[in-house]
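Student: Each chain, written out:
Protein chains: 2
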Amino acid sequence: MSLLGGQLGGMQDWQLRVTHLLDHAAREYGGREIVSRWADGSETRTNWAGIRSDALKMAQALRRAGVQPGERVATLAMNHSRHLVSWYGAIGAGAILHTLNPRLFEDQLDFIVNHAEDCVLLFDSAFTPLVDRMKPRWPTVRQYICFDDHPTPQFEAWIGAEDGQTAWLEGDERDPCMLCYTSGTTGNPKGVLYEHRSTMLHAMACLTPGVFGMDSRSVMLPIVPMFHACSWGLPWAAAAAGAKLVFSAVNEPTVLCKLFDEERVTMSAGVPTVWLALFQHIDAEGIEIPASLEKVVCGGSAMPRSMIERFMAAGIHVAHAWGMTETSPVGTTGADTWNWDELTFDERVDVKSKQGRVPFGVELRCVDLGDPSQVLPRDGVTAGALQVRGPWVVKRYFKAETDATDAEQWFDTGDVAVIHPDGTMQLTDRTKDVIKSGGEWISSVELENVAVGHAGVAEAAAIGIVHPRWDERPLLAVVKKPGSEVSEAELRGYLGERMAKWWVPDAVVFLDAIPHTGTGKISKKDLRDLLRDYRWPE
Amino acid sequence: MSLLGGQLGGMQDWQLRVTHLLDHAAREYGGREIVSRWADGSETRTNWAGIRSDALKMAQALRRAGVQPGERVATLAMNHSRHLVSWYGAIGAGAILHTLNPRLFEDQLDFIVNHAEDCVLLFDSAFTPLVDRMKPRWPTVRQYICFDDHPTPQFEAWIGAEDGQTAWLEGDERDPCMLCYTSGTTGNPKGVLYEHRSTMLHAMACLTPGVFGMDSRSVMLPIVPMFHACSWGLPWAAAAAGAKLVFSAVNEPTVLCKLFDEERVTMSAGVPTVWLALFQHIDAEGIEIPASLEKVVCGGSAMPRSMIERFMAAGIHVAHAWGMTETSPVGTTGADTWNWDELTFDERVDVKSKQGRVPFGVELRCVDLGDPSQVLPRDGVTAGALQVRGPWVVKRYFKAETDATDAEQWFDTGDVAVIHPDGTMQLTDRTKDVIKSGGEWISSVELENVAVGHAGVAEAAAIGIVHPRWDERPLLAVVKKPGSEVSEAELRGYLGERMAKWWVPDAVVFLDAIPHTGTGKISKKDLRDLLRDYRWPE
Numbered sequence: 001m002s003l004l005g006g007q008l009g010g011m012q013d014w015q016l017r018v019t020h021l022l023d024h025a026a027r028e029y030g031g032r033e034i035v036s037r038w039a040d041g042s043e044t045r046t047n048w049a050g051i052r053s054d055a056l057k058m059a060q061a062l063r064r065a066g067v068q069p070g071e072r073v074a075t076l077a078m079n080h081s082r083h084l085v086s087w088y089g090a091i092g093a094g095a096i097l098h099t100l101n102p103r104l105f106e107d108q109l110d111f112i113v114n115h116a117e118d119c120v121l122l123f124d125s126a127f128t129p130l131v132d133r134m135k136p137r138w139p140t141v142r143q144y145i146c147f148d149d150h151p152t153p154q155f156e157a158w159i160g161a162e163d164g165q166t167a168w169l170e171g172d173e174r175d176p177c178m179l180c181y182t183s184g185t186t187g188n189p190k191g192v193l194y195e196h197r198s199t200m201l202h203a204m205a206c207l208t209p210g211v212f213g214m215d216s217r218s219v220m221l222p223i224v225p226m227f228h229a230c231s232w233g234l235p236w237a238a239a240a241a242g243a244k245l246v247f248s249a250v251n252e253p254t255v256l257c258k259l260f261d262e263e264r265v266t267m268s269a270g271v272p273t274v275w276l277a278l279f280q281h282i283d284a285e286g287i288e289i290p291a292s293l294e295k296v297v298c299g300g301s302a303m304p305r306s307m308i309e310r311f312m313a314a315g316i317h318v319a320h321a322w323g324m325t326e327t328s329p330v331g332t333t334g335a336d337t338w339n340w341d342e343l344t345f346d347e348r349v350d351v352k353s354k355q356g357r358v359p360f361g362v363e364l365r366c367v368d369l370g371d372p373s374q375v376l377p378r379d380g381v382t383a384g385a386l387q388v389r390g391p392w393v394v395k396r397y398f399k400a401e402t403d404a405t406d407a408e409q410w411f412d413t414g415d416v417a418v419i420h421p422d423g424t425m426q427l428t429d430r431t432k433d434v435i436k437s438g439g440e441w442i443s444s445v446e447l448e449n450v451a452v453g454h455a456g457v458a459e460a461a462a463i464g465i466v467h468p469r470w471d472e473r474p475l476l477a478v479v480k481k482p483g484s485e486v487s488e489a490e491l492r493g494y495l496g497e498r499m500a501k502w503w504v505p506d507a508v509v510f511l512d513a514i515p516h517t518g519t520g521k522i523s524k525k526d527l528r529d530l531l532r533d534y535r536w537p538e
Numbered sequence: 001m002s003l004l005g006g007q008l009g010g011m012q013d014w015q016l017r018v019t020h021l022l023d024h025a026a027r028e029y030g031g032r033e034i035v036s037r038w039a040d041g042s043e044t045r046t047n048w049a050g051i052r053s054d055a056l057k058m059a060q061a062l063r064r065a066g067v068q069p070g071e072r073v074a075t076l077a078m079n080h081s082r083h084l085v086s087w088y089g090a091i092g093a094g095a096i097l098h099t100l101n102p103r104l105f106e107d108q109l110d111f112i113v114n115h116a117e118d119c120v121l122l123f124d125s126a127f128t129p130l131v132d133r134m135k136p137r138w139p140t141v142r143q144y145i146c147f148d149d150h151p152t153p154q155f156e157a158w159i160g161a162e163d164g165q166t167a168w169l170e171g172d173e174r175d176p177c178m179l180c181y182t183s184g185t186t187g188n189p190k191g192v193l194y195e196h197r198s199t200m201l202h203a204m205a206c207l208t209p210g211v212f213g214m215d216s217r218s219v220m221l222p223i224v225p226m227f228h229a230c231s232w233g234l235p236w237a238a239a240a241a242g243a244k245l246v247f248s249a250v251n252e253p254t255v256l257c258k259l260f261d262e263e264r265v266t267m268s269a270g271v272p273t274v275w276l277a278l279f280q281h282i283d284a285e286g287i288e289i290p291a292s293l294e295k296v297v298c299g300g301s302a303m304p305r306s307m308i309e310r311f312m313a314a315g316i317h318v319a320h321a322w323g324m325t326e327t328s329p330v331g332t333t334g335a336d337t338w339n340w341d342e343l344t345f346d347e348r349v350d351v352k353s354k355q356g357r358v359p360f361g362v363e364l365r366c367v368d369l370g371d372p373s374q375v376l377p378r379d380g381v382t383a384g385a386l387q388v389r390g391p392w393v394v395k396r397y398f399k400a401e402t403d404a405t406d407a408e409q410w411f412d413t414g415d416v417a418v419i420h421p422d423g424t425m426q427l428t429d430r431t432k433d434v435i436k437s438g439g440e441w442i443s444s445v446e447l448e449n450v451a452v453g454h455a456g457v458a459e460a461a462a463i464g465i466v467h468p469r470w471d472e473r474p475l476l477a478v479v480k481k482p483g484s485e486v487s488e489a490e491l492r493g494y495l496g497e498r499m500a501k502w503w504v505p506d507a508v509v510f511l512d513a514i515p516h517t518g519t520g521k522i523s524k525k526d527l528r529d530l531l532r533d534y535r536w537p538e
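If you read the protein sequences in the order shown, they are chains E and A.
Going by the numbering used here, the first residue of the first sequence is number 1, and it counts up by one from there.
Going by the numbering used here, the first residue of the second sequence is number 1, and it counts up by one from there.
No lab work stands behind these hints: they were computed from the structure.
We put the CB at the ideal spot given by N, CA and C, even for glycine.
Do not take every clue at face value.
Chain E regions said to be covered by chain A (calculated; three or more residues, Cβ under 8 Å) [what the hints assert, rightly or not]:
id, segment
1, 197-207
2, 273-287
3, 327-341
4, 500-509
Anything over 12 Å on all C-beta distances counts as not near chain E; from chain A, calculated [claimed, not checked]:
id, residue
5, 23
6, 200
7, 206
8, 215
9, 237
10, 241
11, 264
12, 285
13, 400
14, 404
15, 426
16, 458
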């Protein structure tokens, strides 16, 4: 296999297996705490040695239950230590850990569990009604285990029957270890099958200063759920770092602020809406941003500039991150640029408002939206379809017949972006939302951002409507602020002063509400459905 | 190969090849500078894009010279950008880059070059006399290239004849990429054959906060020579981070201080003697420690406590590192402990005085010096033979017939150490220097440390001398301070008050000088030779 066939000497054999992470954490940071704040308000504390001991017991319990290597073990749960145990325990037994997103529609959960052929499902008692409804539709599931029922959690009794005297399943580092489905807005959900190797290389990248910059001093509270894109890889990276983890099964600002203070949390990661709620709580209570907080990583959607400014003014290191289930998920992070010390506050906010740069291991490019064979320059201006490749990027979806990438392993993200000369990536739209007008492209997101700047606009969404001459032209849907009397003409005039004339929507429709997805984003798909009979004025 | 044969989907194929590092650095941090201060005082500046462009040209030049994949290309050079180019260029062509230590004896250099069968040798003009003397003894070397002769450096002319329109040799990540010989004190030097994979995993570990904590803001001046244990992996890690590198071909304090200031160096790495010289220069000149310096990593031998205190008092993050050529070389680093914030200044100095903890990927244990099958507890007290394993630890030396490890891949370091309950490793001696008395072990290093605390002692060295009853007993060799009249009885009394009675040396011999190695360490081997006729008093 190697150039000299290993005959002339060389370095040690060592498979990149996820269980090495837990062995390391338990051996070197056994006493470092894992704190769980449960949905009922109670709190439990364990540590990395305890997680490993429990994970070994769970591996035994799974083997006793007849779970074979490669079979899928599902979880339907919020963030807590038992969920963490189940990740390492299932994978340590050789099974594939499959996180289910409880916020999906039941038809999606039906499809996903059957497609994955999950054989064991571990769940939080909060989801018991959902599980009870779904059981008849999930014939592959042979065993259900509740994480937190009372008085004795079924999970504790289940693993408590074992003695932990076992070993992890060893094997090849390209073995699959985890499965997570994308909640795509079109078609059936698709499963990304992570491998031990991809997970480990991603975890090592997560430790670096440009990504999370974790070490054993870090106290990380991952707000991002464990069912969402592997909780951004934090349960793996924290073990490699020997960091303390603080889990909360609920993400209410009151609870989070209390945990931040009591556990002296130094870093956290979550979507912008969580931070918005936290700021509102802080303002309402007249309290300060938790003093121990040093770093906040934000992803999922764009952080408002005011949020970035507020974190930065408080001396908190803030970073935008971009990624997706298909990228494990870290794609770019808003690391400080090398000339950071020379930048003004406003220039720094500019930097942080973009989606950031790749860590070593990820490669990005933009290609022409109409002709993907044409690679676009990194000029900070030319927007195109964002493509990604690297060792923790998907090659082929679970059970798919063909690769999800082109021959050179480029994966199309579905995002539209520009790449700046220094490598900074800036999202401008989604491929399916960008509006094609006369052979040129108009960003629906940029249109919306300008439109909501008008004092009378509460929410705005732009979509392309078929046009006899221009292929498509933008139509803007607007929800007025209560009491606002803004007119179509006024709004188009406002936009015309702030963008190229040919970008200005041909028409504006006023709606009572714009449809949203389950995760609170504007649903362009539903908006298109709603406006499918729209015809341009003659 | 994988559990599900890759049939059910998975992640992308991506070999851990060293050339990915340079591609990343040139693509994402192309303009980040690489500064070289040459032996003649001149300075040149290039950047990561320039390094890549030159390395591609060098790969072409090597191919034109008929160098085949797997052949060895040697360097005999100090730290500078052309040396960096040669690392990536040789490896990119598929050759194995072999760094030669110019400080070795000529017989060692004779052995090493012939054992390695180097076919090309690149050298600094400062070593021209050495090269001219050695040429007749190096029959395998087909081509000699000087890095820095005048007016046109031969190296620049050689690669300047190429256009750089080529590609790196692709291949398996277990291919060898680099060769470095240990300057062992006994027997012939042994070559460690690094692989692309081991080098890459080591580089990723080097980026983490617990090791170097590098990112693109870092300005690294590696004082540790590139011929010494891969310059601690910094030329690889700096590319992954996109850091600025500042090289100096000479390590005089005046030059270093000027470079620190002018290039705003944020981190540096070197042996304690370099820092000692730097402090002396600073004190003599009445200047301050360079203000830009944030982090100093120190290895090779133990840092004096006063040096640690001085760095810490200046607000500089200081870290002890331990490793060896066989461990790529990072084994442990003095990362801040997780309870760092709660420690007093003195407690922090205590932490930093030990050799630190493993990064993820390295595993340590101590075994009984007499019975290696007995693994010792991590109690901070029981000293034993230090063993190490992991993906960047040697398995088999170059051209060796057998593995350098046991069946479980444990490599014996030759060091004696204790491991503390929190995983911190503390060196106490070298295996071959520790003294066996009545079945128990006495640390020669600890004896020496206590002895030099006596006001009349300039230098002290302890060795074991065969004893009819106790197997061995310690003999202490002492060099008195000028004017000191200290007697054997007084010294033994002094030691007796400060250590267990059975540790006290049975006799003291006073010498005019204690022999040293080429790198300034006490040469126990030569001391033993000197005292080989010593007999215990009746």
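Student: The structure should be examined with respect to each hint, and the outcome stated for every one.
Tutor: How the hints compare with the structure:
1. Using a Cβ-Cβ cut-off of 8 Å, 6 residues of the segment 197-207 of chain E lie near chain A, which meets the minimum of three, so the contact claim holds.
2. Only residues whose C-beta sits within less than 8 Å of a C-beta in chain A count toward coverage, and the segment 273-287 of chain E has 0 of them, not enough to reach three; the restraint is violated.
3. For the segment 327-341 of chain E, the assignment as covered by chain A holds, since 7 residues bring a beta-carbon within under 8 Å of that chain's beta-carbons and 3 suffice.
4. Counting residues of the segment 500-509 of chain E whose beta carbon lies closer than 8 Å to any beta carbon of chain A gives 0, which falls short of the minimum of three for the stated coverage.
5. The beta carbon of residue 23 of chain A sits about 8 Å from the closest Cβ of chain E, which is not more than 12 Å, so the claim that it is off the interface is violated.
6. The beta carbon of residue 200 of chain A sits about 9 Å from the closest Cβ of chain E, which is not more than 12 Å, so the claim that it is off the interface is violated.
7. Against chain E, the non-interface label of residue 206 of chain A is violated: not every CB pair exceeds 12 Å, the least being about 10 Å.
8. The claim that residue 215 of chain A lies off the interface is violated: its Cβ sits roughly 4 Å from the closest Cβ of chain E, which falls inside the 12 Å cut-off.
9. Its closest Cβ contact with chain E, about 10 Å, brings residue 237 of chain A to no more than 12 Å, contrary to its assignment away from the interface.
10. At roughly 7 Å, the least C-beta separation between residue 241 of chain A and chain E is not larger than 12 Å, which violates its mark as non-interface.
11. Consistency note on residue 264 of chain A: stated as away from chain E, yet its beta-carbon is not over 12 Å from all of that chain's, at 9 Å minimum.
12. With a closest Cβ-Cβ approach of about 26 Å to chain E, residue 285 of chain A is found to remain outside the 12 Å limit, as its non-interface label requires.
13. The non-interface label for residue 400 of chain A is inconsistent with chain E: the shortest C-beta to C-beta separation is roughly 6 Å, within 12 Å.
14. Distance check on residue 404 of chain A: its Cβ comes as close as 9 Å (rounded) to a Cβ of chain E, failing to clear the 12 Å threshold; non-interface status is violated.
15. Against chain E, the non-interface label of residue 426 of chain A holds: every CB pair exceeds 12 Å, the least being about 15 Å.
16. Listed as outside the interface, residue 458 of chain A is consistent with that label: its C-beta sits roughly 40 Å from the nearest C-beta of chain E, beyond the 12 Å cut-off.
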